[in-house]
Amino acid sequence: MTHRLSTLLVVAVALAGCSKKDTTTPNDTAATASAGAEGEHQGEHQGEPAHQHAFEGGVKNFHDVLSPLWHADAGEKRVADTCAASADLAGKAAAIEAEPVPAAANGQDDAWKTKAAALTASVKELETVCAGDRASFDAAFTKVHDGFHALIEVAGEKHQ
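Numbering (our numbering), first residue to last: 359 to 518.
Hint data in this document are derived by calculation from the structure and do not stem from the laboratory. Heads up, the beta-carbon is just placed ideally off N, CA and C, and yes, glycines get one too. Mixed in with the good hints there might be a few duds.
[Claimed, not checked] Each pair of labels, with its calculated beta carbon distance range:
#	residue 1	residue 2	range
1	K435	G465	20 to 30 Å
2	E485	N464	14 to 24 Å
3	A489	G433	12 to 22 Å
4	S494	G465	15 to 25 Å
5	G465	A432	12 to 22 Å
6	G449	E511	19 to 29 Å
7	D467	T500	19 to 29 Å
8	D491	E511	25 to 35 Å
9	E511	E485	18 to 28 Å
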């Protein structure tokens, strides 16, 4: 029961502020590792203040890669960095699928599994775009981001 409540709290806190801008760059590994370890993002995104997350397991690992990429300034560097990390994102999405359904999503196993599979598929689409001319990068990357939020919403987190 305590683990279930802890997991739910972690997911709730994480979703509460996932739309914030991270001021670290994807190549700033020390800052990224620190932000990931603390679950904290600094800066603003869409006019909102800094926020914190308390994800666990595969969800945390995926978020730790996705967040600095998503919150980076739009442009060629963001595209290049995201495409360079797409294989890592694919592996982390597959790991989420392989993990047991978290306690916070208890009773919604099918929805969790469906959303996890959709997240993996969206990352594979991103990999395909990255291997090509990258013209549809923004749409593909947005699909990954939205897929992540759809997944964590199954566990009670809401995208703000």
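Consistency of the hints with the structure:
{"no.": "1", "hint": "K435 with G465: 20 to 30 Å", "verdict": "violated, 42 Å"}
{"no.": "2", "hint": "E485 with N464: 14 to 24 Å", "verdict": "violated, 32 Å"}
{"no.": "3", "hint": "A489 with G433: 12 to 22 Å", "verdict": "holds, 20 Å"}
{"no.": "4", "hint": "S494 with G465: 15 to 25 Å", "verdict": "violated, 36 Å"}
{"no.": "5", "hint": "G465 with A432: 12 to 22 Å", "verdict": "violated, 39 Å"}
{"no.": "6", "hint": "G449 with E511: 19 to 29 Å", "verdict": "holds, 23 Å"}
{"no.": "7", "hint": "D467 with T500: 19 to 29 Å", "verdict": "holds, 27 Å"}
{"no.": "8", "hint": "D491 with E511: 25 to 35 Å", "verdict": "holds, 32 Å"}
{"no.": "9", "hint": "E511 with E485: 18 to 28 Å", "verdict": "holds, 24 Å"}
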